[in-house]
Amino acid sequence: MSGKVPSGAAALAGKRSAENQTNDGRSFWGALAGSDLYQAFSDALLSSPRRQFAILLTFPLVWVVTQHLGPMLQMLYVSFVEAYPVAPGYEQSFTLDNYARFFGSAIFVMPFLRTLVFSATLTFATLILTYPVAYFLARHVKRSNQMIFLLLLLIPFWVGEIVRTYAIMILLGNNGAVNLALKWLGLVDRPIPFMYTGFSISVGIIYLSALYMLLPLYSALEKLPRSYTDAAADLGAGPWTRFWRITLPLSLEGISSGSTLVFLIATGYYATPVLLGGPSTTVFAETIAGFFHAAGDEWPTGAAFACLMFVTALAISFAFGRLMTRLQKGVRK
Amino acid sequence: MTRHTRLVMSMIYWAFVLYIFVPLALMVMMGFKDSKFIGFPIRSWTLEWYIGVFGNSEVMSAFGYSMVIGITSTLISLFVGVWIAVLLNGRGFVGKGVIYGLTLLPALIPGIISAISFRIYAQLWGVPPGTGAIIWCHAVHNVPFVVLIVSARLGTLPKSYLDAARDLGADPLIAFMRVTLPYLRPALIGGSVFCMLISFDDFVRSFFLGGYQPTLPVLIFAKLRSGMSPEINAIATVVLVLTALLGIWAERTTRRLKKGY
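Read top to bottom, the protein sequences are chains Y and S.
Its first residue numbered 1, the first sequence is counted upward by one per residue in UniProt numbering.
Its first residue numbered 1, the second sequence is counted upward by one per residue in UniProt numbering.
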């Protein structure tokens, strides 16, 4: 038992109880704790540390298993059944047909590959684009100003997927701002059809997910002690050597988590490819969604496709994470 | 660093700021265009579209519906998230890492997969598409963010505060309610605004789990599919302004409160 009462806690408790004073001089919490009913409750449930811990543990355990894991497991289960929901009077039977259907047709394989290639390329592009921004924020902006500079970038990211996708549509349309600017500069006669192509989807997805790269990079670079690069400079290393041999290797952790996050998120965009893409740029999210607009009996196929997508994306992220860890170990040696 | 690289770096930063802001600024401008046709140049201006938003019952009811979903799901996420954060910041136990991993899972699942897995899961529990299903899915999706935000604050709570409360005769529950919870206030405000914004702006989950009543993003999507119009710009701008104001307010409040304790 600690005998010292820190002034902060005392002040906190004092402030609270002053707020909660009732007419009979006892606070609400004092009255509650003193009541017989609460005493009985406390004796029954909170009397031993073991019991306290059991209560503390049970609810989160049940929640994460049923709410976080449950939907994924149920989706996996449905991906192996013949029909879902089962029509009354029929037996549920298991099958691999839902998965076989994927490999049977280029209509399904192409969007799948396209999604993976798109997501990987865009992740890399986002990294290249945001790294200097994160570097500038973490190393060149005064610490007291960093939050404001960061906030400036954060605010637009709070606005949802649809609104920001729409903003890109206005930017890139045939009568959009970019085409108007090009025409005004005399660079083109007729508008360039940016929209409904891989280009417009790319601009949209980078626009949507840059923040998920920027924040991990920023926090990795911010942790990097300035003395490291100063020491290297004293020893005669030029800016490029310092970057390649110190800054970049020590920010691998941020690169790793940012890239994983952006990659996973990019595979899951649905509205953006629908609004910005065309028939030749169908992504797998649209393929999966197609099975859920139709009658319920297509659900098992949709579930199987979703499982394929998720497992592949996770496997790629995992392999990438391993590679980065190996690189980091190489750095420490 | 040389002055030269510093200049280049700051130019890249401001170029990035432009990239982030210009599309939104153009969208706001287009809402003032005095024509049904979306596109540049804008020759005459009007406030008609913006006034129209507030008189449009369809938009207003979608807005209210999104608010109800946002507030309800946020309350659920806060309750669950704080509980999990307290568990994870407490003493070690076998399987803590597994629970931590499972806690973060919903934040890592790609949007479309999260949406359709909940569609299937809701069917399993007999929950029809609609308000309940959307709230449920949003609440689960937001729990990891609450856990992360609350854990960051919980890690700075001096252990002596709780010891003092216990010495003065509080049982763990009372100590939690009177010491931990007030201390967490900045994290709770920040976390709830974060959840509100995610839920309010969510499209893919609301789209796949929704019934006949659209949330605001679903309504905008439906309108977009039938063609662009300055009306959509005006709606989107109102969403943008509200989001930004709420975000800035939350940021200021949390920072002020953190300084206070």
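Hints may be right or wrong, so weigh each one.
[Stated by the list, open to error] Taking CB as the label site, the calculated pair distances span:
1. N145(Y) <-> A152(S): 34 to 44 Å
2. F53(Y) <-> K258(S): 26 to 36 Å
3. K258(S) <-> F103(Y): 20 to 30 Å
4. Q39(Y) <-> R252(S): 37 to 47 Å
5. S61(S) <-> I55(Y): 11 to 21 Å
6. K142(Y) <-> G130(S): 43 to 53 Å
7. F94(Y) <-> G130(S): 42 to 52 Å
8. L168(S) <-> F318(Y): 45 to 55 Å
9. K142(Y) <-> R256(S): 18 to 28 Å
10. Y100(S) <-> N175(Y): 46 to 56 Å
[Unchecked claim] Straight-line C-alpha distance at most 25 Å; calculated SDA-like pairs for lysine to any residue:
11. K159(S) <-> K142(Y)
12. K258(S) <-> S219(Y)
13. K159(S) <-> L245(S)
14. K142(Y) <-> Y100(S)
15. K258(S) <-> L45(Y)
The set of hints was computed from the structure by calculation and includes no laboratory data.
For glycine and all other residues, C-beta sits at the position ideal for the given N, C-alpha and C.
Taking the hints in turn, this is what the structure says about them:
{"no.": "1", "hint": "N145(Y) <-> A152(S): 34 to 44 Å", "verdict": "violated (22 Å)"}
{"no.": "2", "hint": "F53(Y) <-> K258(S): 26 to 36 Å", "verdict": "holds (30 Å)"}
{"no.": "3", "hint": "K258(S) <-> F103(Y): 20 to 30 Å", "verdict": "violated (54 Å)"}
{"no.": "4", "hint": "Q39(Y) <-> R252(S): 37 to 47 Å", "verdict": "holds (42 Å)"}
{"no.": "5", "hint": "S61(S) <-> I55(Y): 11 to 21 Å", "verdict": "violated (42 Å)"}
{"no.": "6", "hint": "K142(Y) <-> G130(S): 43 to 53 Å", "verdict": "holds (50 Å)"}
{"no.": "7", "hint": "F94(Y) <-> G130(S): 42 to 52 Å", "verdict": "violated (31 Å)"}
{"no.": "8", "hint": "L168(S) <-> F318(Y): 45 to 55 Å", "verdict": "holds (49 Å)"}
{"no.": "9", "hint": "K142(Y) <-> R256(S): 18 to 28 Å", "verdict": "holds (21 Å)"}
{"no.": "10", "hint": "Y100(S) <-> N175(Y): 46 to 56 Å", "verdict": "holds (50 Å)"}
{"no.": "11", "hint": "K159(S) <-> K142(Y)", "verdict": "violated (33 Å)"}
{"no.": "12", "hint": "K258(S) <-> S219(Y)", "verdict": "holds (20 Å)"}
{"no.": "13", "hint": "K159(S) <-> L245(S)", "verdict": "violated (36 Å)"}
{"no.": "14", "hint": "K142(Y) <-> Y100(S)", "verdict": "violated (35 Å)"}
{"no.": "15", "hint": "K258(S) <-> L45(Y)", "verdict": "violated (33 Å)"}
When the structure is compared with the earlier hints, violations turn up for hints 1, 3, 5, 7, 11, 13, 14 and 15 and for no others.
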